[in-house]
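Could you build the full structure based on these sequences and the hints that come with them?
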Amino acid sequence: MKTHQYPVDLTDEQIEEFGRELEAIRNEVFDSRGDRDRAYILKVIKTQRTMAVSSRFVIYLSLFFIPAWGHALATWPVALTIMGLGVFALGIAKILENMEIAHNVLHAQWDWMKDPEIQSNTWEWDTMSPSDRWMHSHNVVHHTWTNVLEKDLDVGYGIMRVTPMQKWKPAFLLQPIYFILLMLLFEEGVAVHEQAIDDHLKGKNKLKDFTPLLKRIGYKVWRQVAKDYIAWPLAAALVAIPISFFVPFSPLLVFGMVAGANAVANLIRNIWAFTIIFCGHFPAGAHNFTLEQVEGETRGRWYLRQMLGSCNIEGSKLFHILSGNLSHQIEHHLFPDMCSNRYKEVAPRVRALADRYGIPYNSASLFRQFGTTWLNNLRLAFPGGGEPYEPRREEASQS
Amino acid sequence: MRQPAQPEPGASPSIWSRLSTITDYFAWPLRTSHYLELVNPLWTTHKMQARVVKVWDETKDARTLTLRPGLNWRGHRAGQHVRVGIPANGKHYTRTYTISSPPEREDDCFTITVKAIDKGTISHHIVRNIKVGDYLPIGLPQGDFYLPDAQPIQPLFITAGSGITPAFSMINSLIAQGRLPDTCHIHYAPHEFDVVLGKELKAMDRYNDRYHLNLIYSREGDDPSGNRFSKAQLDALCPDWKDRDVYACGPPSLLEAIEQCMEEAGCSRQLHVERFRAPFTEIPDDAVGGRVRFAQSDVEADGDSDTPLLKVAEEAGMNPPHGCRMGICHTCNTTLVSGCVRDLRTGEVLNEAGSIVQTCICAAAGDCELDL
Chain A
1 MKTHQYPVDL
11 TDEQIEEFGR
21 ELEAIRNEVF
31 DSRGDRDRAY
41 ILKVIKTQRT
51 MAVSSRFVIY
61 LSLFFIPAWG
71 HALATWPVAL
81 TIMGLGVFAL
91 GIAKILENME
101 IAHNVLHAQW
111 DWMKDPEIQS
121 NTWEWDTMSP
131 SDRWMHSHNV
141 VHHTWTNVLE
151 KDLDVGYGIM
161 RVTPMQKWKP
171 AFLLQPIYFI
181 LLMLLFEEGV
191 AVHEQAIDDH
201 LKGKNKLKDF
211 TPLLKRIGYK
221 VWRQVAKDYI
231 AWPLAAALVA
241 IPISFFVPFS
251 PLLVFGMVAG
261 ANAVANLIRN
271 IWAFTIIFCG
281 HFPAGAHNFT
291 LEQVEGETRG
301 RWYLRQMLGS
311 CNIEGSKLFH
321 ILSGNLSHQI
331 EHHLFPDMCS
341 NRYKEVAPRV
351 RALADRYGIP
361 YNSASLFRQF
371 GTTWLNNLRL
381 AFPGGGEPYE
391 PRREEASQS
Chain B
1 MRQPAQPEPG
11 ASPSIWSRLS
21 TITDYFAWPL
31 RTSHYLELVN
41 PLWTTHKMQA
51 RVVKVWDETK
61 DARTLTLRPG
71 LNWRGHRAGQ
81 HVRVGIPANG
91 KHYTRTYTIS
101 SPPEREDDCF
111 TITVKAIDKG
121 TISHHIVRNI
131 KVGDYLPIGL
141 PQGDFYLPDA
151 QPIQPLFITA
161 GSGITPAFSM
171 INSLIAQGRL
181 PDTCHIHYAP
191 HEFDVVLGKE
201 LKAMDRYNDR
211 YHLNLIYSRE
221 GDDPSGNRFS
231 KAQLDALCPD
241 WKDRDVYACG
251 PPSLLEAIEQ
261 CMEEAGCSRQ
271 LHVERFRAPF
281 TEIPDDAVGG
291 RVRFAQSDVE
301 ADGDSDTPLL
311 KVAEEAGMNP
321 PHGCRMGICH
331 TCNTTLVSGC
341 VRDLRTGEVL
351 NEAGSIVQTC
361 ICAAAGDCEL
371 DL
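Read top to bottom, the protein sequences are chains A and B.
If you read the first sequence in full-length UniProt numbering, its first letter stands for residue 1, the second for the next number, and so on.
If you read the second sequence in full-length UniProt numbering, its first letter stands for residue 1, the second for the next number, and so on.
Incorrect hints may have been included.
[To be verified] Cross-link-like lysine-lysine pairs, in silico, BS3-like; alpha carbons within 30 Å at most: (1) B/Lys47 to A/Lys227; (2) B/Lys91 to A/Lys114; (3) B/Lys131 to A/Lys46; (4) B/Lys242 to B/Lys231; (5) B/Lys54 to A/Lys43; (6) A/Lys204 to A/Lys215; (7) B/Lys54 to A/Lys46; (8) A/Lys114 to B/Lys199; (9) B/Lys131 to B/Lys115; (10) B/Lys91 to A/Lys344; (11) A/Lys43 to B/Lys47; (12) B/Lys199 to B/Lys131; (13) A/Lys151 to B/Lys311; (14) B/Lys311 to A/Lys43; (15) B/Lys47 to A/Lys215; (16) A/Lys114 to B/Lys131; (17) A/Lys202 to A/Lys169; (18) B/Lys47 to A/Lys114; (19) A/Lys46 to B/Lys91; (20) A/Lys114 to B/Lys115; (21) B/Lys91 to A/Lys43; (22) A/Lys317 to B/Lys115; (23) B/Lys47 to A/Lys46; (24) A/Lys114 to B/Lys54.
[Said to hold, decoys possible] Each pair of labels, with its calculated beta carbon distance range: (25) A/Gly386 to B/Ser297: 42 to 52 Å; (26) A/Glu292 to B/Thr23: 50 to 60 Å; (27) A/Arg216 to B/Thr23: 19 to 29 Å; (28) B/Glu300 to A/Lys344: 17 to 27 Å; (29) B/Glu348 to A/Pro360: 27 to 37 Å; (30) A/Thr81 to B/Thr23: 25 to 35 Å; (31) A/Gln14 to B/Thr121: 37 to 47 Å; (32) A/Gly256 to B/Gly354: 44 to 54 Å; (33) B/Gly354 to A/Ala226: 48 to 58 Å; (34) A/Leu253 to B/Gly75: 46 to 56 Å.
Everything labelled a hint here was simulated from the structure, so no lab data went into it.
Glycine included, C-beta positions come from ideal geometry on N, C-alpha and C.
This is the structure:
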């Protein structure tokens, strides 16, 4: 039997065989995990923590170069350059923590080490979304139902039209603005990215139905705000109060500078994470699926869907690490619990397998992937843009 | 009354913990301790680690590690054991070892003595690969196999192989306190060159009048089977054994023989036993499912070799955490308390207590117990 619903020309048996071959790759890699992988993640964690704490002190250091001090180097260009370095390093540290460490730890990629410190069910990450809530909306909902309309909340995040299969409505006219807003406020966006909240906006439930959930998110948000916008700036301002009797600057300025620096670091992380993540499933060529298509789905077909729905980004080794290896989105979706440092070595094998079965393998530069994502977003703000959802359903029932 | 010069043991942590509550706001979502670890791993409070300061080969297959524990360490009682985490092949294993040094040791370090046992990957790894400067995660001392603090007793130690370690610690502790009573010690080892801590035992025997050591080599002599533990042997080596408190530690067969002997003599109450629990379950050859026990819910059910444990639990009326039902999301992860389970995707059998089990794609392979 041919499968007309997918852009592939494979029989059911071939799809299952394809699945078995992927399974063989998976088993081979899983069996070979060892000291090398452990050394890798420990090194990344140590680098990230050292970077996070030292960048905050570099930001503090820059305060000794504001013009009020009166010494030779005390000028705004010097102060802002040092602060810029600190902010950049803090942004990178947050990117590393969120993407290469936490995202992958929370995927249980490192659970096999049985290290009680690096376990998916105890790890908490440096972002406003509580890790266990995110694990549900991401690991369970998104990774199981990848790109399936009405099931995968990540298809448009409830505010955007990312595929012509989604029905157009006037609100989507504003989606280029949502796009930019979500880019800048990605951390906050992820925190409120919950089925319950989405349902509430559609009037399907009452606020009190999910108050405990809001409290949990609220606590996490408070601790994040307390760290970046209260604790670190306040400590600097408290030290600045006695100094301000001798050096003419305001402790408020000090508070504002540190808080501002942290805000920019968070912004760097938001923009980067958004860019990488939006290249995962929204560039041109990524497929979406209907509920009918996944009914009674076998493991082989699940693999096929993951491959058709995901897109890779090409880049250097450093780029892959900074993207949390989400640049290997296809491999990540095929093997979500494979430790991330192995994706780059399975990628050529997966690609060869895809070529052999004639399955599209969507891999391109960041420029192409993000560019088409952006163009798609603009096009789909208006009605049409491709094959809609309804006719497909009729076609399926006729055949 | 004057305040003691040294602060109470409980007082200083509370100041520290108050301070760290504040500094934790800076470190969130980690703790201050995670950053202190970058400076010195012994300063951590979120976990405890020990630095290996010395390795000493006791015999060709036994090694003593001297460990300097982190700041949170609490002194042990002679005879207690400690859990040690060991990374081997990228994985973290936990093993329990008796502390072989006496609590009276002055440099705040303690020692564990590890014998490489047959098939014991981890003990082999410790004996061969652990080196000075390594950091190992450790737990606090635990266990109830120790001597009474005050009341006088006349101990008889019966030990075999690496079962010597708690006895060694107890005897050393009594010597260090200067209150060693009349002590009899029977120790079994395969050969003379195999005696763990042999040199130290003989030195103790030489310098302490009240310590009587009997070393028995179970694989030497014309008739080695006669060297096994028996009542007749006990009568010969320690005639007043019925008046003594017996502290026994060794392989299950020896402990069983001692228990039987003491019971027949009506002296069970004087017997104190330390067992080393095997961390592995034998994989049953005919592993076709078995009895599944869910420890937290106190539910038992039969699981066959093809039915995922998640389904077994649900059919038994439970509602354990689950997500994708295909082994990718790890929502259903739980811990194997004991027994064997099989991963239905790979056929791999998990039989180590403490292993992580994905209930949606694992089935029973023989009897098993899960932490659900």
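Item to complete: Taking the numbered hints from earlier one at a time, note which ones the structure violates and give those numbers from smallest to largest.
Response: Result: hints 8, 14, 22, 28 and 33 break, sorted rising.
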